[in-house]
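Participant: Each chain, letter by letter, is given below.
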Amino acid sequence: MAMEGKPLADNVFTWPSDDPALIGGVDERGRLRFPFMGRAGERPIELARHGVLWSWTVQRFLPKQPPYLGRETKAAFQPFALGYVELPGQVRVETRLVDCDPADLRIGMPMRLTIRPLFRDEQGQDLLMYAFRPVA
Amino acid sequence: MSDVAIVGIGIHPFGRTPDRTGLEQGAFAVRQALADAGIEWGDVQFAYGGSQDGGNADTMVEELGLTGLQFINVANGCATGGSALISAYGAIRSGQYDLGLVVGFDKHEQGSFRVRPADWGLPEWYGEVGFALTTQFFAMKIQRYMALHGITDDALIRVAEKAFANGALNPNAWRRRALSYEEIAQSTMISDPLRQYMFCSPGEGAVALILTSPKRAAQLTRHPVWLKGATMRTRGAGSFEVFSPSLSVEDGEGASPIAARAAFAMAGIGPEDIDIAQLQDTESGAEIMHMAENGFCRDGEQEKWLREGWTRLDGRLPVNTDGGCLANGEPIGASGLRQVYETVLQLRGDAGARQVPKPLRTGYTHVYGAPGVSAVTILAR
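So the sequence lines, in the order shown, correspond to chains A and B. Read in order, the letters of the first sequence correspond to residues 57 to 192 in the working numbering. Read in order, the letters of the second sequence correspond to residues 560 to 940 in the working numbering.
Just so you know, these hints were derived from the structure itself, not from any lab. One should not assume that every hint holds.
[Unchecked claim] The calculated label-pair distances, taken between Cβ atoms and stated as ranges, are:
(1) N632(B) / R105(A): 42 to 50 angstroms
(2) G649(B) / R168(A): 47 to 55 angstroms
(3) V620(B) / Q121(A): 38 to 46 angstroms
(4) P158(A) / G624(B): 55 to 63 angstroms
(5) R99(A) / E860(B): 43 to 51 angstroms
[Unchecked claim] Partial list, computed: chain B residues near chain A (C-beta under 8 angstroms):
(6) P676
(7) W684
(8) G686
(9) F690
(10) R703
(11) A706
(12) H708
(13) D751
(14) P804
(15) S805
(16) L806
(17) E862
Beta carbons: idealized from backbone N, C-alpha and C, even for Gly.
Make the full structure from the sequences, and use the hints.
Facilitator: See the structure below:
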């Protein structure tokens, strides 16, 4: 997957990569969480790239800036979908949802990890973030 | 086991009061509670108080009187009022004191709660990407609950309709205009499936309570309300909580059912014995889910309950009789105590236009908030 831009944050997903994966963390008791936070006794682990939609909503108003990185004005804001995707046997991750009409979202539908330039920095460079999209 | 009595209650109107600070609203409520109990500030032996954004409660002594009393500040998010209450309860039950104050107040900025990811142990990107909004959490929780248990938009709308109808009968509420079913159903979508009139807003307000031992209660009033149960609990593993970048694949129990069970055990009664309930209604879905989480019905039954009007003032179990958070707003430090204030008022028969028309013996209050905390009280005449 060749793409302009850089990840919005480090250690969230493997990058650069042709087949990126989210990076979770496993602690000494075997508890798996996302993201990997580098806590004592925690080791990183690549998560599954496919899962099912566990729940969802659509953010319909401009989040407070900061912390939201989007530069839109209230009037220009485009609603975005988000939800949780369950990666079987691993963890449910909170995620932006892309390539979908909210009217088509159904709990239980198959979803796939993707990397997208969701934001731009002050120099106009793309900032890459993970998202999930419906499996076609 | 010796009980603890509530002998005085006070409230500052909820909503927006630009010319009073949170602390001033708190002091206002305290003075009203003292008058209601028929006592002076000098009679108060100890106090527990809290606020999230309104300042340090203990500085209130500047306004109320510098008597040197014990005054401890409490911070537990949405459970602040409940935690202050059980702290006072414990102080009297222990025999250390026999008369104390509980006060909660808040004054939040306009709009949604601003969240700093670092405060919650979250990475910065979590807020940058557009997560870290409480509205999203509540929407996703009810979205799934509706799909699993057959709850429809009709139930969400009816909760809000009831809230504003009750608020219209409450002179201390923020929103005092009843909204029609259609107005609510057509209001702006905020976070699917929740619309504008289904959400509470952060706001302002204050409540104060005077608690005593049975002996002091007998000296002060012939109509004490008794705290039969008072609990504050945190979540179990695997529960779905706000501000969670990930969740366990094993479903877990939230703080509300844990707090509820412990309160019923303390009181020695069950949900079927409760006459009136104030349940956290951050948004319509929360009231619905909390009906089941606190044990008042099974998952999915809420659809029928609401359609039949069983939670209205004239129903079999009136819920959120003062309009709840939807009509009063959500000043975090005060809300839990507002619920107790309302319950005491109802049990005394002093709720005026919104008085529940059937005989009342027991009441129940429940709050829930981030990061997975809940506080419950059971009150009885």
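Participant: Would you mind marking each hint as holding or not holding in the structure?
Facilitator: Here is what the structure says about each hint:
no.	hint	in the structure
1	N632(B) / R105(A): 42 to 50 angstroms	48 angstroms, holds
2	G649(B) / R168(A): 47 to 55 angstroms	53 angstroms, holds
3	V620(B) / Q121(A): 38 to 46 angstroms	39 angstroms, holds
4	P158(A) / G624(B): 55 to 63 angstroms	57 angstroms, holds
5	R99(A) / E860(B): 43 to 51 angstroms	45 angstroms, holds
6	P676	6 angstroms, holds
7	W684	4 angstroms, holds
8	G686	3 angstroms, holds
9	F690	6 angstroms, holds
10	R703	4 angstroms, holds
11	A706	5 angstroms, holds
12	H708	12 angstroms, violated
13	D751	5 angstroms, holds
14	P804	5 angstroms, holds
15	S805	4 angstroms, holds
16	L806	4 angstroms, holds
17	E862	18 angstroms, violated
Violated hints, in rising order: 12 and 17; the structure is consistent with all others.
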